[in-house]
Structure formats: structure tokens, C-alpha cells
Amino acid sequence: GAVVSQHPSWVICKSGTSVKIECRSLDFQATTMFWYRQFPKQSLMLMATSNEGSKATYEQGVEKDKFLINHASLTLSTLTVTSAHPEDSSFYICSAPNRGSGRPEQYFGPGTRLTVT
Amino acid sequence: GQNIDQPTEMTATEGAIVQINCTYQTSGFNGLFWYQQHAGEAPTFLSYNVLDGLEEKGRFSSFLSRSKGYSYLLLKELQMKDSASYLCAVRTSKSNAGKSTFGDGTTLTVKP
Chain A
2 GAVVSQHPSW VICKSGTSVK IECRSLDFQA TTMFWYRQFP KQSLMLMATS
52 NEGSKATYEQ GVEKDKFLIN HASLTLSTLT VTSAHPEDSS FYICSAPNRG
102 SGRPEQYFGP GTRLTVT
Chain B
28 GQNIDQPTEM TATEGAIVQI NCTYQTSGFN GLFWYQQHAG EAPTFLSYNV
78 LDGLEEKGRF SSFLSRSKGY SYLLLKELQM KDSASYLCAV RTSKSNAGKS
128 TFGDGTTLTV KP
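If you read the sequences in order, they're chains A and B.
Going by the working numbering, the first sequence opens with residue 2, and the numbers climb by one from there.
Going by the working numbering, the second sequence opens with residue 28, and the numbers climb by one from there.
Read the hints as simulated data drawn from the structure, not as lab findings.
Lysine-lysine pairs mimicking DSS-like chemistry, simulated, CA-CA at most 25 Å apart:
| id | chain 1 | residue 1 | chain 2 | residue 2 |
| --- | --- | --- | --- | --- |
| 1 | A | 42 | B | 126 |
| 2 | A | 21 | B | 126 |
| 3 | A | 67 | A | 56 |
| 4 | B | 108 | B | 138 |
| 5 | A | 21 | A | 67 |
| 6 | A | 56 | A | 21 |
| 7 | B | 95 | B | 126 |
| 8 | B | 95 | B | 121 |
| 9 | B | 121 | A | 56 |
| 10 | A | 21 | A | 65 |
| 11 | A | 42 | B | 138 |
| 12 | A | 42 | B | 108 |
| 13 | B | 126 | A | 56 |
| 14 | B | 84 | B | 103 |
| 15 | B | 138 | B | 103 |
| 16 | B | 126 | A | 65 |
| 17 | A | 65 | A | 15 |
| 18 | B | 84 | B | 138 |
| 19 | B | 108 | B | 84 |
| 20 | B | 95 | B | 84 |
| 21 | A | 67 | B | 126 |
| 22 | A | 67 | A | 15 |
Quick list of the computed label-pair ranges, beta carbon to beta carbon:
| id | chain 1 | residue 1 | chain 2 | residue 2 | range |
| --- | --- | --- | --- | --- | --- |
| 23 | A | 64 | B | 94 | 35 to 43 Å |
| 24 | B | 125 | A | 6 | 21 to 29 Å |
| 25 | B | 94 | A | 16 | 47 to 55 Å |
| 26 | B | 108 | A | 111 | 12 to 20 Å |
Note that the Cβ used here is the ideal one computed from N, Cα and C, for glycine as well.
With the rest of the complex left out, here is chain A (with noise of 0.2 Å):
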């Protein structure tokens, strides 16, 4: 199977701090990648798609210039947090389909739990 990772597993930050998550495709190569937030019992909501040499697409209600997406290269998309606030406090999630195996499903990454204090 493919591989994705994240980094850093947890952060914690200070409010009107930025934050940085990496998340990387470590054996395939992945032009676009999807950064989900998931709050305590609920499901996965998406923020973003992300596209490598291009700009990222948000879903309605995200803010872009709160919620800045870089896809740099073909294995590694970043999510910054600017200004972060206790609100923002989440487990932040990304994924990547593997165009190149042919098969349909998303992998993801372990997830980012972020705590803003």
C-alpha cells in the first residue's frame, strides 16, 4: 500500500501563533492531496484540496488566508494555521489517492493534533 505521513504528530501553540503541518507521500507521487479537520466524535470535514503547482481549492466556510496551503512538489503539500486561536484547536488530517496505482481509495496520513492554548 501507499504511504503518507504528517508531521509533527501533536503541537502545542500559543494563540496569534502560526503553525506548519507537512504532510508527505512517502513511495508515490501525489498531485493533489486533501486536508480534512476532524473534531472530538465527529466525522471528517474537508477544508481543502490541494494541488501540486497550483492553487489549493477550499470548501465553503474555510477561510484561505487563515488556512494557507503550499503543494510545492509531488510529495509534499503543507497546511499553515496563521494566527491560530483556541477554536482552532483540532486533529487535522490529510490524504492522497494514488493515481498511479490504479486503485480508488484515499490514504492518509496518522493526523496532526493541535492544541492552541
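Assemble chain B onto chain A, guided by the hints.
Relative to chain A, chain B alone:
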């Protein structure tokens, strides 16, 4: 808009069979997925249906009826480790690399 419904919680006994239902109303359909997610971990892929019918994979089977907007995940010979959240997701994009919309998940508790 997209609407995907699943029961919130289910409880079953070890060794039994459980069926988790999912109904959907989406603008576009290009496949339905079932994922398993243990608490604090990322989802892992279980099954995929794009045509009507039953797909079987070991203890897990998934069924799809596109005309009814309905799917179910069937888990046989339940084990304690099957206690997890089960997410139904519909890919709405025409692209096979397109985004999916997730249901709220069904938390399954397996009791001894």
C-alpha cells in the same frame, strides 16, 4: 448539497454479525467507500463500491444500490478489535482522484 446518513452508534457481541447502513443524497456519484477509524488514528480503507451489488473481502462485505442511494457494511465474526468508528464516504467528483464527502461515522462497540 451533500447528505450522507449513518447511525451514530451500534453495539454488538463478539462473534456476531453487524450491518451498518448508509444512505446518501449527493450531487454526483463516482463511488462509495467505507473506512475504519480507531480513536485518535487516521482512517484506513475497507471497501469500495461503484457498481450495484456486493463486494466481499474476508470478514467484511459492502453492498451498494445506486438507485436507492443506499449502502451497507457487513461485519462477520466480530472481534473486540473491530470496535471503532466506521465512515461512509461518497466520491462526487468525476475524477477518480476527486474529493469525497464523509458521513458522520458510526461508532461500533463490540462487547464480549
